[in-house]
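Enquirer: Fit chain to chain and form the complex, with the hints in mind.
Chain by chain, the residues:
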Amino acid sequence: MAVLTIRDALNQALREEILRDENVFVMGEEVAEYDGAYKVTRGLWKEFGNKRVVDTPITELGFASIGVGAAMAGLRPVIEFMTWNFSILAADQIINHAAKMLYMSGGQFPVPIVFRGPNGSAYQVSSQHSQALEAFYANFPGLKVVMPSTAADAKGLLKSSIRDNNPVIFMEQERMYGIKGEVPEDEDFTIPLGVAEVKREGTDCTIVARSMTVPLALQAAEQIQKDFDVSVEVIDPRTIKPLDIDTIINSVKKTNRLVIAEESHSFASVAAEVTYQVMDGAFDYLDAPIKRLSTAETPMPYAKNLEQLALPSVEKIVAAVKEVCYL
Amino acid sequence: MPKLSPTMEEGQISRWVKNEGDTFEANETLAEVDTDKATMEMTALSGGTLLKILKGGGETAALGEAIAIIGQKGEDISALLAETASNGGAKAPEITAATAGGESVSNGAESKPQPAAPPPPPAEKPATPQPAAVPQTAPAAVSQRDSGSNGRMIVSPIAARMAADNGIDLRSLTGSGPNGRIIKRDVESALQAPAKAPAASFTPSTVVGASPFRDENTSQMRRVIASRLAESTGPIPTFFLTVEIEMDNALALRKQINATLTDETKISVNDIVVKVAAMSLVKHPFVNASYQDRTIRFYEQADIGVAVAIDEGLITPVVRGANLKGFAEIGAEIRDLAAKAKAKKLQPEEYTGATFSISNLGMMGIKEFTAIINPPESGILAVGGANPTPVVRDGQVVVRNIMNVTMSCDHRVIDGATGAKFLQTFKQMLENPVLMLV
Numbered sequence: 001m002a003v004l005t006i007r008d009a010l011n012q013a014l015r016e017e018i019l020r021d022e023n024v025f026v027m028g029e030e031v032a033e034y035d036g037a038y039k040v041t042r043g044l045w046k047e048f049g050n051k052r053v054v055d056t057p058i059t060e061l062g063f064a065s066i067g068v069g070a071a072m073a074g075l076r077p078v079i080e081f082m083t084w085n086f087s088i089l090a091a092d093q094i095i096n097h098a099a100k101m102l103y104m105s106g107g108q109f110p111v112p113i114v115f116r117g118p119n120g121s122a123y124q125v126s127s128q129h130s131q132a133l134e135a136f137y138a139n140f141p142g143l144k145v146v147m148p149s150t151a152a153d154a155k156g157l158l159k160s161s162i163r164d165n166n167p168v169i170f171m172e173q174e175r176m177y178g179i180k181g182e183v184p185e186d187e188d189f190t191i192p193l194g195v196a197e198v199k200r201e202g203t204d205c206t207i208v209a210r211s212m213t214v215p216l217a218l219q220a221a222e223q224i225q226k227d228f229d230v231s232v233e234v235i236d237p238r239t240i241k242p243l244d245i246d247t248i249i250n251s252v253k254k255t256n257r258l259v260i261a262e263e264s265h266s267f268a269s270v271a272a273e274v275t276y277q278v279m280d281g282a283f284d285y286l287d288a289p290i291k292r293l294s295t296a297e298t299p300m301p302y303a304k305n306l307e308q309l310a311l312p313s314v315e316k317i318v319a320a321v322k323e324v325c326y327l
Numbered sequence: 001m002p003k004l005s006p007t008m009e010e011g012q013i014s015r016w017v018k019n020e021g022d023t024f025e026a027n028e029t030l031a032e033v034d035t036d037k038a039t040m041e042m043t044a045l046s047g048g049t050l051l052k053i054l055k056g057g058g059e060t061a062a063l064g065e066a067i068a069i070i071g072q073k074g075e076d077i078s079a080l081l082a083e084t085a086s087n088g089g090a091k092a093p094e095i096t097a098a099t100a101g102g103e104s105v106s107n108g109a110e111s112k113p114q115p116a117a118p119p120p121p122p123a124e125k126p127a128t129p130q131p132a133a134v135p136q137t138a139p140a141a142v143s144q145r146d147s148g149s150n151g152r153m154i155v156s157p158i159a160a161r162m163a164a165d166n167g168i169d170l171r172s173l174t175g176s177g178p179n180g181r182i183i184k185r186d187v188e189s190a191l192q193a194p195a196k197a198p199a200a201s202f203t204p205s206t207v208v209g210a211s212p213f214r215d216e217n218t219s220q221m222r223r224v225i226a227s228r229l230a231e232s233t234g235p236i237p238t239f240f241l242t243v244e245i246e247m248d249n250a251l252a253l254r255k256q257i258n259a260t261l262t263d264e265t266k267i268s269v270n271d272i273v274v275k276v277a278a279m280s281l282v283k284h285p286f287v288n289a290s291y292q293d294r295t296i297r298f299y300e301q302a303d304i305g306v307a308v309a310i311d312e313g314l315i316t317p318v319v320r321g322a323n324l325k326g327f328a329e330i331g332a333e334i335r336d337l338a339a340k341a342k343a344k345k346l347q348p349e350e351y352t353g354a355t356f357s358i359s360n361l362g363m364m365g366i367k368e369f370t371a372i373i374n375p376p377e378s379g380i381l382a383v384g385g386a387n388p389t390p391v392v393r394d395g396q397v398v399v400r401n402i403m404n405v406t407m408s409c410d411h412r413v414i415d416g417a418t419g420a421k422f423l424q425t426f427k428q429m430l431e432n433p434v435l436m437l438v
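Keeping their order, the protein sequence lines are chains X and E. Per our numbering, residue 1 is the first one in the first sequence, and the count goes up by one each step. Per our numbering, residue 1 is the first one in the second sequence, and the count goes up by one each step.
Keep in mind the hints are simulated off the structure, nothing from the lab. The structure presented is a predicted model; accordingly, all values stated were derived computationally and were not measured. This list has only true hints and no planted wrong ones.
Chain E is faced by these chain X residues, among others (derived, beta-carbon under 10 Å): (1) F283; (2) D284; (3) P289.
Derived Cβ-Cβ restraints for the label pairs, each shown as a range: (4) X:M104 <-> E:S189: 57 to 65 Å; (5) E:D293 <-> X:E297: 40 to 48 Å; (6) X:E297 <-> E:S78: 46 to 54 Å; (7) E:T242 <-> X:F283: 48 to 56 Å; (8) X:G281 <-> E:N19: 54 to 62 Å; (9) E:D165 <-> X:G281: 15 to 23 Å.
Beta carbons are placed, not taken as given, at the ideal position from N, Cα and C, and that holds for glycine.
So here's chain E without its partners, still in its complex pose (with noise of 0.2 Å):
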C-alpha cells in the first residue's frame, strides 16, 4: 500500500481497476483507494502483469503491505506468495512498484518512489573513455535533484521571471528540462499558445502599516477543496452564513460612552461592530487570512476595510489593528477615512490591504443583503440596521432589538464550520459587550 496522502496510515481499496492477468503501462491506473482524505488513483510505476490480488476490494492494508504481486506473466509467485502468507503481507518490495499517479502529477506524491534516473545528458560524447572529472558530475547531480524534488516545482530561475513578468500560472506547464524542471522555453510556448483562462490570482498588498502575516502551506486537502470549488462557481467559491444579534446590551453601551463624549465624537453602532469584529477576526486566524494558491496567509492584526459610498460608488478605507483601538479612535478614525473619500483624497494605503471588511447599510434602512468579498481577503460581514422585533425569549413574546448580519466566506479558506465558530464569537461579543473585556 503506497503513501496516497501526506498523513494516510492505511488505505482501503476502493476496488480493482485491473485485473489479476491484466496488462498495464506505466501510469495506469491499477486500483482506486480510499484513504483519509479521498478517493485516490494508484497507479503503475512501470509496464507489467497483475499476477495475483491480495487485497480485495473492501479490505484494508496498512502502508507497506502487499496489496497485490506484479511482475512478468507466467513468472512463478509462489515463493512471494508464501513470504507475503508467512509475514502476513508486510512489505512485500513489488508493491512499491506502484505509486499515487493521480497525485504526482499536481504536488508530487510525498513518499512516491522515484522512477529511474533519465538516461545521461548527451549520447553525442567521444566514445572515447571520459577524464574522470568531467563526466562524474552530471549523473551525480541528476540522483541529487531527484531525490530532492519530492512535491517540488522546478523552476529555472529566468522561467519563474518570465512566468511571473506574464502572469502565467507555473503549475499550468509541464517542464520539458530534467526532473520536469520548467524552463525559458515551457514559458515561451505558453506565451504562444492562446490564453485559456487562467486561474485569477491577485497580488497581495504590501502596503506599510498593513498587517503582518505568515504565509502556511497550503494543504493538499485545501487546495482540493480551493480548485473544486472555484470550479463550481467562479474564482472566489463563496457561501453565506447568516445571524441574528440581539443588539440591546450593545445599544446600551453606546448610549453610556456617548453621554460622556462630545457631539462630534459620539460613537456609531457601526463603530461597535468594526470592534467586536476586529475582535474577533484575531481569535479565528483562518478568518482573518487570505487564499494565495500554495499558502494560506494569516494576518496578526485586523485591518478592516470600511465600505464607504462615493458619488462614483464605493471605496472601503482601512483601519488598521482595529482589534487594538478604542471605539472613539476607530469612529474618529471612520469619520476622517469617510470625509476623505468623499473628497477623493485618499492615499492608496488608506484603501488597500484590509484583511477583512464590514459592510454596513442599516443607516439606509435595509434589513439584510449579502455582500461580495473584495479579494483577497477571505469574508466580508453585510450588516443591515438594528430594528425593534418580536422575538421569544423564555416562552414570552417580547421585543428586542435585532440586526441581521451576512458574513460571505471564501470557501477556499473559511469552511462552513470555520465562518460559524467566527460569528458565535462575534455575536456573543455584540450581545454581551462586556466579554470584550475577558
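Chain X on its own, in the form it takes in the complex (with noise of 0.2 Å):
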C-alpha cells in the first residue's frame, strides 16, 4: 500500500473519480489554476482542463448553486469551499435547495453533489475561521455528513460520496492535510458512509471520537494505557450523517464509560446527540455520566495559548477517561 497524506489521499480520489465518470467535475476557488488553496486539487487542471476544473469568482452562493443546478441536471459537481466557515453564504443552497430538491421534486430530481473542503480551527485564524460546522449541517434531513480522519477513510469516504445520490457535506481539517497513513491504491477501493470504524480496540472507556480529535483520543489512550493500565477503545463514525450508532452502542455496553470529544462548541452538538442515543439504547449498561470534551463556548480566541486552551487536547481527554474511569 502507499503511503499518502491526507491530502494527496483527497486528491487521487479526485482524480480516479473525475477519470471513472465523465459527469464528474470539480469547481470552487483557486481550485483550477492555483492547485487550490490547501492544494488538494493538485495537478487536476492540468490534467483535465476548463471543463472538468472550474475556477469561479468569490461568490459562495453562485457557484453552490451552479453546482445544485449541474446536479439536478444529471452532473456530479464537487463543491469545493475554501474553509467551511465560507459556506455560511451559501447555505441556502446547501439546506434549501440540495437537501430537499428530491422531496419537493417528489423524487424526480436527485442531486448528486459534493460540497467539501476544510472544517473546524486551523492555526491562530481566529474566530470567523475557526468553526466546525458539522451539526449545523448535520441538523437537516436530506443531507449527508461525513468527517474523515485518516488518509484512507479520505480516500474511500471521498470516493463513495462523489458516487452518492444525495448531496453530501464532506468535511475535512487543515490541520490534519499533512498526516500521512496507507491507502490502499485499488481503483475501486470506497468506504460505504455510514459506517463507523473502531480505531482502536479497548475494554475500560469507550472515546468517540471524529476529525481533528481522532489522533488526540488514540494519544490520549495510549498514555491512559501506560498511566493507569486501562483500556481505551476509540470509535471513529466517519460519517456524522448517517450515524453508526450500533457500533457506539456496543462498544458502550462492553465498556459501560463512554468520553466524546469533538472539535464543534458543545451545545447542540453531535456529542449532545450521541450521548441522547447512546443514554436510549444502553442506560442500563453505564457505569459513569458521560463526559464530552467540545471546544469553548466562546468565539474561537486569536492568541495562540487561548486557541490552544479553548480547543480539546490530548490532556482533557485523559483527564476525562479519569473522571469517568473514577480513578
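Expert: Here is the structure:
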C-alpha cells in the first residue's frame, strides 16, 4: 500500500472519480490554475482542463447554486469551499435547495453533489475562520455529513460521497492535510457511508472522536494505558449522518463508560446527539455519566495560548477518561 | 437540635456522650437523643471541641434550638452565649454542624447538612488556566447531586443491573464513586467477596390477572421493625393471633344456601371462610399487602391462595378477586382448581401471586394449628374445624359451634393490633353474616 498524506489521498480520489465518470467535475475558488488553496486539487486542471476543473469568482452562493443546478441536470459536481466557514454564505443553496430538491420534486430531481473543504480550527485564523459546522449541517434531513480522520478514510469516503446520489457535506481538517497513512491503491477502493470504525480496541472506556480529535484520542488512549493500565476503545464514526450508533452502543455495552471529543461547540452538538442515543440504547450499561469535550463556548480566540486552551487536547481527554473511570 | 427522624419536632437529650472540653473527630457520636421514634445518635460532621453544653441530659429542645456550642479549644464563646441567652437559644448556627450520623448510614438523614463538596476531580489537569466551558461542568454537577442525594441511594445503571442480576442487595454495598455512588467496581468486589448471607428477597409475581397494587415507600420505622424482628426470628418475623369464632349463623346460612343448590354446586364452610376473609382483607390494607424492603405493596383485590393437599405435598391455587365473587362461584372455582391440582394440571398463573392464603384442616379433625406464611404474602389463616363446644353466654353454659382460627402475621407489615383488627372484622362477619351486606 502507498503511504500518502490526507491531502494526496483526497487528490487521488478526485482524480480517479473524474477519470471514472465523465459527469464528475470540480468547481470552486482557486481550484484550477492555483491547484487549490490547500493543494487538494493539485495537477487536476493541468490534466483535465477547464471543462472538468472550474475556477470561480469569490461568490459562494453563486457557485453553490450552479453546482445544485448542474447536479439536477445530471452532472456530479464536487464543490470546494476554501473553508466551511465560507459555506455559510451558500447555506441557502445547501439547506434549502440541495437538501430538499429530491423531496420537493417528488423524487424527480436527485442532487448528487459533494460540498467539500476544511472544517474546524486551523492555526490562529481566529473566530470567523475556525468553526466546526458539522452539527449545523447534520441537523437537516437530506444531507449526509462525512468527516474522515485518516488518509485511507479520506480517499475511500470521498469516492463513496461522489458516487452517492444525495448531497454530501464532506468535511476535512486543515491541520490534518499533512497526516500520512497507508492507502489502498485499488481504484475501486471505497468506504461505505454510515459505517463507523473502531480505531483502537479497548475494554474499560470508549472514546468517540471524529476528524481532528481522533489522533488526540488515540494518543490519550496510549497514555492512559501506560499510566493507569486502563484499556480505552476509540471509535471514529467517520460519517456523522447517517450515524452508525450501533457500533458505539455495542462498545459502551462492553466498556460501560463513554467520553466524546469534538471540535465543535458543545451546545446541541454531535456529542449531545450521541449522548442522547447512547442513553436511549445503553442506559442500563452506563457506569458513569457520559463526558464530552467540545471547544469552549466562545468565539475562537486569536491568541495562540488561548486557542490551545479553547480546543480539545490530549490532556483534557485523559482527564475526562479518568473521571468516568473513577480514577 | 438536628432533625433525626422524619417527623420529629423536638428531641430530648438522652445523654451526652462527650463532655465539655472533649475533642472529637468527624462522625463521632456527641450525644444520644430521644426522638418521637427512637433514640438516635447525634454525630459530628467535622472534628472540633465541645465547648459548652446548653441542654443537659433529660432536657428537651425544639428543632434548630441551640443545644451546645462547638468550636476550637480556647475559642471565645461569650458572644455566642449572650446571643443564645438573649434569643432563647433559638437557631444558633454552630449546632447545625452536628447531624444524624446513626441514620445517615442507612438511609441518609432527612435534613442532613451536606459536608463540603468533594475535591474537584482530577488534580492532574494541566496547571495552565482552563477555558471556561470545560471545568465549569464538574463542580456544578457535583453540588447538584449533593442537594439531590438526601435519603437516595445513588447507583450507576450498570451497577444496579449487575446487582439485580446477581441478587446483591445494593444497601449492603458502600459506593466508592462521587457522593457515594455505587459503581460497577463496587458490585464486582462484592461478587468476589464471600457471600455473607444476603437478606431474603422475593420477586413479586406479575401474573396476568393478579391483583393490581400500589407501592408505598417503607417508613424508617417500618424498616427498623423489619430488620430487628427479622434478625430475631429469620427472614419473616412471624407472630400468631388466634380467635374463637361462633359459626352457628354461618352454618345456618350455608344450610339455607345449599337448600337452593344442586348437589354438585353446594358450598362448603371453607368457601364462606374464603369469601369472608377476602372481604375483610380489602377493609384492612396492611394485611392484604407485601413487604418489599423499600416499599410496601398494597393489593387492591384479595387473591386468596387456598392450600390443597396433593400426593407430593401441597399447592395453593389462587381464587382471584375473591372479595368480588359469590359463595357458589368461589366454591366452583376451588373445586375446579383442586381437581386440576390433583391432576397436576395447574398453570403457574393459577397457583402464584396470591395476596393472602388460607389453610383449612378442619375437615381432617384438626381443632387448631398454625400455618407458615407463603412469601411474599403477609399472612395466612390456619382454620380448624367448627365443633360443638360448651361456651358461656349470658351467664349460661350453652353449646355453640366454635371454630378456632390462627393467623400467622409477617411483623414487617402487620403489627399485633393491625392483625387483631382484621380478625375482629373477620369474626364479626362470620358470626353475623348479614354484616357482609353492609
